[in-house]
Structure formats: C-alpha cells, structure tokens
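Next come the chains, spelled out residue by residue.
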Amino acid sequence: MRLGWEYELAGFCGLGLHLKLDGFRLIYVGIAALMWAVSGIFSTEYMAHYKSKASYYCFFWITFFATIGVFLSADLYTTFIFFEMMSFTSFVWVIFDGTRESVRAAKTYLSVAVIGGLVMLMGLLLLQDLCGTLMMEELKEAAQRAVQEGEKARLYAAGACLLFGFGAKAGCFPLHIWLPKAHPVAPAPASALLSGILTKTGVFGIIVISCQIFGDDSWWGLLITGLGLVTMFLGALLAMFSINLKRTLACSSVSQIGFILTGVGMYSMLAAAGENPVLAARGAFLHMVNHSFFKLTLFLCAGAVFMNLHQLDLNEIRGFGRRKPVLAFCFAMGALGISGVPLWSGYASKTLLHESIVEYGHLAAKGLAPLKGIGGAPLFWIGAEWIFLLTGGMTVSYMLKLFIAVFIERHPFRQEEFDKQRASMSPVSALALLIPAVLIPFMGCTPAWTMDYLAQMGQTFFGLREMEHKVHYFALENLKGGGISIGLGVLLYCFVIRRYLMREITSDHPHATSGQEDKAMEKEYVDRWPGFLDLEDRIYRPLLLTFLPGVWGALCSWLDRYLIPAAVSVFLAVSSLICRAMDHLSDSIIVLARYTTHRPLQEKRVHIPSAREERFRNRERAVFRLGYLVEESFSFGLMLFCLGLCLTLGYLLYEFFRF
Amino acid sequence: MNQVLLCVPALLPLAGGMGLLCFGLFGRQAERDRREKGLFWYAAIITLANSLVLWWLIFRTGEGERFVLFRLYGELKVMFCLDKMGKVFAGMISVLWPLAVLYSFEYMKGEKRNVTFFSYYLMTYGVTAGIALSGNLMTLYLFYELLTLATFPLVLFPMTKEARRASRRYLYYSIGGAAFAFLGLVFVLTFSSTGNTVFLPGGILDLGKANARKNTLLFIYLLAFFGFGVKAVVFPCHRWLPLATVAPTPVTALLHAVAVVKSGAFAILRLTYFSFGTAFLRGSWAQWAVMAAAMATILYGSTMAVREAHWKRRLAYSTISNLSYILMASAMMSPLGLAAALCHMVAHAFMKICSFFCAGAVMHQTGKTYIYELDGLGRRMPVTFGCLTVASLSLIGIPVFAGFISKWSIAGAAFHCGMESLESFGKWGVLPFAAVAVLLYSALMTAMYMLTVVIRGYFPGRESTSRKALPSVSGTDLSEGQREEQPGGQDGNLDPGWNMLLPLVVFAVVILVLGLHSQPLTKLLTVIGGEAA
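Just so you know, the sequences run in chain order C and W.
Just so it is clear: in the first sequence, position 54 is 54 by the numbering used here, and no numbers are missing.
If you want the numbering used here, it's the position in the second sequence, counting the first as 1, plus 1000.
In case anyone wonders, no lab produced these hints; they're calculated from the structure.
Built from N, CA and C at the ideal position, the CB exists for glycine as well.
Please note that the accuracy of each hint is not assured.
With beta-carbon atoms standing in for the labels, derived distance ranges [said to hold, decoys possible]:
#1 W:Lys1209 - C:Phe634: 52 to 60 Å
#2 W:Phe1059 - C:Ser576: 38 to 46 Å
#3 W:Asp1206 - C:Tyr651: 31 to 39 Å
#4 C:Leu543 - W:Arg1165: 48 to 56 Å
#5 W:Arg1213 - C:Phe634: 19 to 27 Å
#6 C:Glu8 - W:Leu1183: 47 to 55 Å
#7 W:Arg1165 - C:Tyr562: 15 to 23 Å
#8 C:Ser52 - W:Phe1059: 45 to 53 Å
#9 W:Gly1064 - C:Glu8: 34 to 42 Å
#10 C:Ile590 - W:Thr1190: 35 to 43 Å
#11 C:Leu572 - W:Phe1059: 24 to 32 Å
Based on the sequences and whatever the hints tell you, model everything.
Written out as structure tokens, the structure is:
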C-alpha cells in the first residue's frame, strides 16, 4: 500500500521541515491519536482533583503535536526538532505532581533526554557532514557511497551517536534508568503515553538508522540484537522483583522494547545474510503496535487503582480489583496480550520475532552466516532463542504476580472497604479503557486478517515489499514456542515469586481481622532487588553530579584562585628583582666613584662662622621661609596668574601696536 | 547619502551623556528628584533617535562609504564606515539599548544618582555604536579604550566596597588588555599592504613581508587576541566579569552580557578576519592556540557556572563560556566559522540579556539573589519565569529557539573545519572535533545550571503526602487537600511593571522568531562569511 503525501516547510527552524505520510506513519499517527483520545478522556476523571489542570492539558496536547511530528518526519532533522520538543513538554508530565520524588524522577528523565538529545545532535551533524543529506530516503545511497569512500568508521560513529540518542528515549539497556523512576510518579494517563508511544519514537529513530544506514551490516545488527536481548532480559528481571504496580509496568516496558529492538537487529542480520528480513521487520513493527495498546490498557488500569487509593505498593493495593469486572477484564486483556498467550495479539508478534531468531539460527548452523566469531556461532543463536523464550516466561510470571495480587488475593484488613466500592471509575473512563482492551483479543484472534494487513502497510517503511509465504500463526511449531514461554512463566511464578519474592508476615497487623484469612494472605511482597545494582544511583548520578563538576570544578577554581595571582606575583617579584639590581647598579657606580675618582678628603676643615656670617644666614633663612609661605599660598597663585595676564595683555598691546 | 551621518550614532549619545552629566548635577536633591521625569524623556529620546539613525544607516549605507572624522597622524585616521558585519552588530545593539533603557527606568527608580547612571549609560551606547561603525583598527582601538572609561563608573555605581574592588579589577584588566591590543595595532600598521589599518575582508597584511616574519607576527596576533580577549573574557583574563556583577542589573545585563563583551568578541573578529586575514592565520599554531584557549574557557565557564549559587554570578560564568563559543567558532578561520560566530553573537545577546533581566526582575521584586531562594517563585512571577524558561532552553540549544540555530552552525563549522584540517594540516586537525565534544559537555552543563533555576522556580518539590496520609477509598474528600499544588498564603502576582516586562517579552519573542525563521539572518551571515574568509 502506498500513500503519497509529502510536505516541505523550507527554511523553518534552520534547515526546514519535511513531513511525509506512508503506511507506517499513517498507522502510528492513528495509534497516537487513539492513545491521546483514550488517555485524554481518562484524564478528565483522573485529573479532576488536581489544581493546575490547564498547564497539564496544555503540555498534554503540545506533546501530542510533537509526537505526531516525529512520526511524520521525512528527514532526521525534522525528527530531531519534534523529538526535543516532545522530550521537554513530556518532562512536565513527570514533574507535574510536584512531590520530592517526582522532582527527582523528572530530573533523571530530563537529564537522560538532554544528554540523549545532545549526543543525537552530534550524530546528526556527523551524518550530515558525511552524507550531505538527512532525508531518510536518500540516506541509504549516501551511506553506501560513504562506505565506498572508506568512511566506515565515521559512519559507525554517527550511527552510535544516533543510537544513543534514540535509545535513551526508547529505554534501551544502559539508558533505561528513567523509565522505572518516571512512570510511578507521573499521572497514569501520562505514564500510558510515555510508555506506550513516547518510547516508540525512539524505536522509530532506531528503525530508520538500522534499515536505511545499516540495512545490510551484520555487526550493526549484532549490536542491536545484543542490546535488545540484554534489555529484554534485564527489564523482565527488574519487573519480577518490583513490588510497585506502575514500576513493574515500566520495567515491563523496558523489556518489551528489548523485544522490538531484537527484531530490528535481526532485520539487519538477516538482510546482511542475503535473506528476506520480512519476518523480523513485521515482528518488530507489530510488537510496537501491540505494545502501545497493552501499555495503554495496563497503565490506565493502574491509574484507576491509584485514583482511588493513592497507593501503588502491591501490599497496599492487593485485593482492590476483586468484584470489579470491568477493571479486571481490561487488565486481563492487557496482561494476556503482553504475555504472548495465543489468541491475544502479543502472541502473533512474538511468534514472528521468535521465527526470525530461529531462521538466523538455522543459517548459522549451516555455516551461511556472514559473521565469523561469536555472531556466527550456532550456539550463540540457540542461547539467544532461549533468552527470548525465558524472557517471555518472565513476562508471564510478573503479569501473573500483578494480576493475582490486585484481583485475586485479599487485603489483610481493608478488603471489606474495597468490596463496598463497586465502581472504580466513571462509565466514560471505563468505555475509553475498553477500546484498547477489546482491540487486543480482536487482533489476536484474527492475525492473518488484521495483523498481516497492518504489517503489509507498515513494512514499506523498512524498505520491504512482499512476504514470500504466509505465516501460520497457529501452527504447532509456533504454538510450541508460546507454550514453552507460558510454562516457564508459571514455573517461575510458583517457585521464584511465591517462594523467594514473598515472605510470611510474622507480627499481626493491629487492624487485621485475624483468623479469617487463609495462609496465603499472610504473605507479603518484598523488594529483594539489591540496592547496589541501581545504575542511576551508583554510576550516573555520582558521575554527573559529583565527579564531573567536582573534578573539573576543583581544577577550575584552583586555576581561578591561583593562576592569575601567581602570575602577578611572579611578575612583581621578577620586576622588583630587576629594579633592585638596577638600583644597586647605580649605587655601585657611586661606591666605585668614591673609591676611585671622588675619594673623600681625609682631613676635614672645621669652619667656624663669624658673627656677620651668622647674621647673614639668619636673614637668609627668614627670606626662604617667607618664600615658602608665599609660594604655597593661594594669593601667590593669583599673583602669578595676574602676572601672566599682564604679560599677555602686554603682548597683545605689542601685537596691536606693531601694525 | 550624506556620509557625515556615519559619525552621528557614535557622537550623539556621547554628547548627550556628557551634557547630562554637566547640567544634571546642578541643583539641590529635591529639585533633581523633580527632574526625574525629564531625565526619562531625555534618555529615551536620545536612545531612540540614535537607534533610528542606526537603522537608517543600516538600510541606506552602501559598500565603501566612509567618513573620516579627523586625522591623528599620517595614515592614522579616525574613520567610520558600516559594512555588513558592522551592520549586524549595530542592528543588535540598536534593538537592545532602547529596551534596556526602558527596563532600567523602573529598575533604577528611587536611586539617588540616576543622572550619573544614565549619562554614562548613554555614553556607552555611543561608544559601542562607535565600535560597530569603526572603519579601521585605529578607530576600533580608540573606542575600545573609551568603552573602558565609559563603563568603569557604571561598575563603581553602587559605591560599596565590593563595587570598588570590582571596578578596580575591571580597570586593571581592561587597560592592561588594551596595551596588548595596541601592540597588534602597531604591527598591523607596519605590515599592512595598504599603508593603514583599514578593515578589508580577507585582511590587509602584506603576505610577502608577513611570511618572512611569520612567527613574530603570529605571536603578536596571539597577544592582540588575548588583549581584546580581556573584554571577551577569554580564560586567563576573565576574572573581572564575575566580580562585576555587583553593578546594577541593567549594567550587568546590557554591558557585561552584551555590549562590552560582544565588543571584545567583535574586535577579535575584526582582527582575525579583517586585519590579519585567515589566509595568513589558517593552519598556523596561533590558530590552534586560540582555539584551545576558547575551548578551555568554555569548559571553565560552564563548570564554574554549575558550582555557583549566586544567580547573577552564575549567569556571568555562563557568559564567559558562551562568549568563547563565539571565539571558538571564529577560530575555525573559515567562512562557516565567521557566520557561526556572528550567529551566536546575535542569539546569545538576546538569550543572555533576557536571562539577566529575569534575574533582575526577581531581585527587584523580591530581593532574592541566590538560587536556593527561588523555590516556588515561578508560579508567582509567571511572565518573568516564562521568559526565563525560553531563554534557558535557548541557551542549552533546544530546537525552535535561537540558540539551537547558532549551536548547530557552530558544530557544523567545527566539523567542516576538522575535515579540512585533517587533510591539510595533519594531527592538529583533531582539535576542531574536540571542540564539538567541548560543545557537548558545555551544553550539558548549561542544562544543569539553567534548568535547575527553572525547575526550582516552578516545582520546589514538596513532601509526598500520599505516603503519610491514611488512604481513603472514596478518594475525593482527602484528595482535595492532597492535590494542592502550592502551600497556601503564597498567592499574588509578583511580576514587575510593564516597562520591565515589555523588554523581557520582546526578547523572548525575538528568541523564538530567530529560532523559527532564521533564514534571513543566516543568509546574510553566510554572505559575510563568504566575503571575509
């Protein structure tokens, strides 16, 4: 499917804006519109009790505009401009609550955004200098030309900078730190958008650079795949350990972004091996779309919980969802979708991604992979496949943990209070929430119809045309992969989460209605994630806040304090030394003269003044004294002035009479 | 066109200021207070008239029109002319000055010695216009010295101990620097191919003669660079600026963020591109030395700004680092470099004067000068902090604001210069790439030191209440109290009066417009760069 709509606003913001609409962009603009509509409706209830609603809505809609701009951009410069706008306006969402934690989280978000944006800017400059263009369509040829000219290293540098920038927004592994911090404190509709669509703008950029610049580069593909695998695994691990509803969802976002990145990386790998990378491309794209819907649903459900309880801790909110069918249904749809259960949409995209890894594994086993070393080793790909399946299992386990905690378990002492409240949100919000919740199973049940159609529209963006054969989503081979994941997930839930991540409550809570709960209720969730593994607190913050300004600042202030004064005192010392030396020089001449030519007389004649002389001297002294007095007085000055006037007058008269 | 007009913008405010100084000081205090209104009109009319003349000149002056005011000795003439680069500078100050005068009228209201203040403020306008209009290095040097003398009383104005100290240091540094600049003047005159010091695009050195004494001349260039660099606050000569923030805010904002420091940078641009010439300097060790000095200054300025807790001093450090952006771009010695330098000169003028005026507005309204005192002011001074936000984002280099355009062109120039230098001059060509890294670091630090102010202003960070309060299921009743955005009793708008707000808003709008529609400016600057290098 081809859509031809392009628009250029030349000269705007420096280089001009280029916008374009094609299948991929159309779908994402549509999703963005849907997501903003749903969360906008939800916001009216969620934000009802906030004071400065106007500023929230202002930034809410500016971000919408900027996000649409990112997805419509036809050149990376336009992408960058809208991307930065989006980062800064969405920052206000995170800080909106104004509490100390949200300010801290927002600062983290902002610094990641600023650093990412700056590095991306450098990448853009490098790329423009190298290729002479930033138009996405022309990049492919320009990059090939640059490679032929032997500029590969610089191309990699540019690509790495861009990857850093986009990866920071996407939540890719070492830069994922903002997601778990920002989501719990942001308003829920904002979290849904942050996770559902703002991270996708980062993925959008990574797709552009991977497909256009490094479309057939195995090393690049390996890098992205590796990052994707690490991100998905660690994200899922964090999510399993987390005991905060929104934080778990945020970590889950990190993990799902890892899935998408793996697909993007596999695209480059397969293309470099000469295969048709359509499986990977479709998998990545569909998982993007699916994840947007999942996170919209799940975060809004979390919002509904928070709206009522102002709590997100699993121990505090457990049991809240009992007897709330709408909420439970929506949450279940999201959870089943994201876990990759067959008949829900996540299953289809995960199957495609899994297939692409398996495909490359076969190539590697046959020795057809272009990469030598670890990237071409069959064992590596078997490992990758198992990480993929294991992460799928972990997804199942943490979603189970959330669902069981909120909707099945009972609260130790507030359960009656919870049960009395039948509606967790207004009917309008519930309707809005039902839209994405219904879409998930709908798409999942009809993958060959809906999902393939979407993929067909989207894959032109990856530079692909047609698929050779149709994927049978519900074939036994594919179901097996899904089954392994789900089985692993249930095992993980039973043996890791129930055993290791929960503990028995020893002391009775004063409010607990004792005796009525069964044994499971006396367990509580504990956060067993070791604190020293926090990348942000251990590395980034000290580096940025203490180390860099500390070291540089100490150096600078030391220079400031001592450089100039030291220079001045050295100058003064040297010059005074020279002056002293010259002073001594003249002294030495005198001394020399005294010893040689002007030797003082040996015998001194004593002069005794006579009386006349004495009188004369006294007279002389009196005259001098008078002279001093006269000279120093004002009247003497006037007198001299008069004298001067007289002389001038005389001179004038003389001149006058001469002619 | 009557070429005599070329000397008007320089001499009119000078004469006006001196007249004010002579006649305004007579009379008793009560009488002088009554004259304050008249003082306003006097200063406003002279400033406006001068700006109008400047704009008229900008549009009507053709290339090569010159006016010799008088001849000092031989070929040493005091000569005015207005070429394209001068037009950029003149246009910039002619917009800023009337607005700054408007601002200072509210800011300085109630001061005892307003006559002194405004007379020197006017004189500085004339001197700065003289720098923009000067047609040769001699004239530039003359006005450069005059600038020191005209601004010195303004630094001294508060008459406190710190002000005395600051002004003394300012004087030492400036006069010392001018001595070095004078050396440059002498050598340019000696090695000039035209026999005088006139500014010509591409420089006036007699290359045959100059190349025979290349190292001496390069050394002299370096000395002159640091000489003029005193006003442009290059690293070892920067120490006067943070101290000079004791002066009243209109002075710090207009003079120490724009007029004085930009005059230094402008003089360096003139020296590099119009006297020595890039053909002579490109690829020499002097170029790398100058570039390294600018880079060191950027690192220094931005780091110190992060460490500084006094708001105006922090902005002063930021000025130090941003002025070196200009110098670093000019050290690329390429057409792109000159264009980028001028672009940042214009953009930074608006951003920094806007941030200083915001700081001044806060000081004037609340008396707060330290950053940790600003908690929650953003909601009480919405217009001021709105403008500050625009200026801050622009200073970091966020798209749609002017700072982004200039930063983009500086980095572009650096990359371009690096590519060429690597091919032609070997390993030193790495330096421009390092310049990009420096730019990156500095932008990060800028984000830290500017945004902390804004975030403090808007979101002081209150204790989370949701943890402590017993959660209620019904939600609505408790959340009224919980969701309160600001502590009570702090309402009430604190924004200053219209004549302080108007300049702020105008500057913020200019920043936005320059960012959104930069094409006319960048086109003009590209032409200038193409001619001169």
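Query raised in the report: Is it true that phenylalanine 1059 (chain W) and serine 576 (chain C) lie within 38 to 46 Å of each other by Cβ?
Result: violated, 57 Å
**Report entry** Outcome of range test on Cβ distance (leucine 572 (chain C), phenylalanine 1059 (chain W); 24 to 32 Å)
**Finding:** violated, 53 Å
Query - Satisfaction of the hinted span 35 to 43 Å by the C-beta atoms belonging to isoleucine 590 (chain C) and threonine 1190 (chain W) - result: Given range 35 to 43 Å: holds, Cβ gap about 41 Å.
Query - Outcome of range test on Cβ distance (aspartate 1206 (chain W), tyrosine 651 (chain C); 31 to 39 Å) - result: Given a distance of about 51 Å, which is not inside 31 to 39 Å, the answer is violated.
Query raised in the report: arginine 1213 (chain W) and phenylalanine 634 (chain C), beta-carbon distance inside 19 to 27 Å?
Result: violated, 58 Å
Requested in this report: Could you say whether the range 47 to 55 Å given as a hint is met by the Cβ separation of glutamate 8 (chain C) and leucine 1183 (chain W)?
Outcome: At roughly 52 Å between Cβ atoms, leucine 1183 (chain W) and glutamate 8 (chain C) fall inside 47 to 55 Å, so the hint holds.
Report task. Determine whether the Cβ-Cβ distance between arginine 1165 (chain W) and tyrosine 562 (chain C) falls within the hinted range of 15 to 23 Å. Result -> holds, 19 Å
Query - Distance restraint hint 48 to 56 Å, applied to the beta-carbon atoms of leucine 543 (chain C) and arginine 1165 (chain W) - result: Since the Cβ atoms of leucine 543 (chain C) and arginine 1165 (chain W) sit about 37 Å apart, the hinted range of 48 to 56 Å is violated.
Query raised in the report: CB of lysine 1209 (chain W) to CB of phenylalanine 634 (chain C), is that within 52 to 60 Å?
Result: holds, 59 Å
Query raised in the report: Lying within 45 to 53 Å: is that true of the beta-carbon distance serine 52 (chain C) to phenylalanine 1059 (chain W)?
Result: holds, 46 Å
Query raised in the report: Given a hinted range of 34 to 42 Å, is it respected by the beta-carbon distance of glycine 1064 (chain W) and glutamate 8 (chain C)?
Result: holds, 39 Å
Checked against the numbered hints above, the structure breaks hints 2, 3, 4, 5 and 11 and satisfies the rest.
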